[in-house]
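A.B. asks: Just need the whole structure built from these sequences, with the hints factored in.
Protein chains in written order, with the numbering used here: chain A, 18 to 194; chain B, 7 to 121.
No lab work stands behind these hints, which were simulated from the structure alone.
Below, a list of computed lysine to any residue pairs in the SDA-like style, where the Cα atoms sit at most 25 Å apart:
no., chain 1, residue 1, chain 2, residue 2
1, A, Lys125, B, Gln68
2, A, Lys125, B, Glu14
3, A, Lys133, B, Thr20
4, B, Lys64, A, Leu80
5, A, Lys133, B, Gln68
6, A, Lys82, B, Lys64
7, B, Lys64, A, Asp124
8, A, Lys82, B, Gln68
9, A, Lys83, B, Leu74
10, B, Lys96, A, Asp124
11, A, Lys89, B, Tyr84
12, A, Lys125, B, Lys103
13, B, Lys83, A, Asp124
14, A, Lys125, B, Lys67
15, B, Lys11, A, Glu79
16, B, Lys44, A, Ala93
17, A, Lys185, B, Thr20
18, B, Lys11, B, Lys103
19, B, Lys64, A, Arg85
20, B, Lys83, A, Asp94
Chain A regions said to be covered by chain B (calculated; three or more residues, Cβ under 8 Å):
no., stretch
21, 88-96
22, 113-123
Note that beta-carbon positions come from the ideal geometry of N, C-alpha and C, so glycine has one too.
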Amino acid sequence: MSQAKKVLKMFPVWQMEEEEQWLSRMAQQGWQLTGCLPVIPVYIFEEQKSHSAVFKIDLQPELRKKDRGEYKQVFADSGWEFIIKRGDRYYFQGEGTELMSQDIYTDKPSKLERYKKQTTLLSMLAFIFCLNGVVHFLGEKPPFNFMKYIDGLGLLITLYGLTKLKLKMRGIARQQK
Amino acid sequence: MAKYKKIESFLPLTHTTYYILLALISPAHGYGIMQEVKAITHGEIALGPGTLYGALSKLTKQGLITKLEEFATNRRKYYTLTPLGRQVVKAEYERIKSLVENSSELIQGLEGEDE
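C.D. replies: Have a look at this one:
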């Protein structure tokens, strides 16, 4: 029986590349991603022979259930194996030198589109924090008068993330291709 | 909705969109499109699956291509151009052609200067 372990680790939506790289490092160390837990950010790994693999995470908030088979097939035809789905994120794994240097997004408009999706999600979150902040500020009653600080902190973090995404998008816009 | 949109409103197309539409002059599935685009561009453009799938759903929504449900083999779905898609790809070809034709004389003069 191969060993399995669960790892709790949080990657915000603006750190998708970092998450991909972390999963690749885990595979190199002999831990293959095989599953996840719902809602909480816990990854399940199984011990395997150390191997080099690339991971790609694709955000698909609008993908309908009936289109999922076709979607995964398009990736499989390019050599990317579907591993898990976590919320709106689909995790794919590729092996071999050819895939190492390739990306699942190959032109500028679609690369930018990818970040726009993340920006939309974060903006919605920022809006919710704003709204909550106002509600909590106006209706503060002990023992809940600390709530507005939590909203403020949430808003700060989401704004930080939005700035990060903006910078990444600018980087892509400046690229040659 | 898409039916009433003007053909010109879709132009200019991105490289990727233009080649995908060309590849769909006859019906093809995702993998077939990748192969066809590679062939048309002599290996220059290898479409990534994220880019391809994103383009297919967007173009379907815009009404430029349509999914042929009856041709579906297992999970691979076939697509083809709609009449609107045909008009758009032709209009884009004409647009690029006139750009090249209108500028070719001037560009030739430019090349002469460089020598």
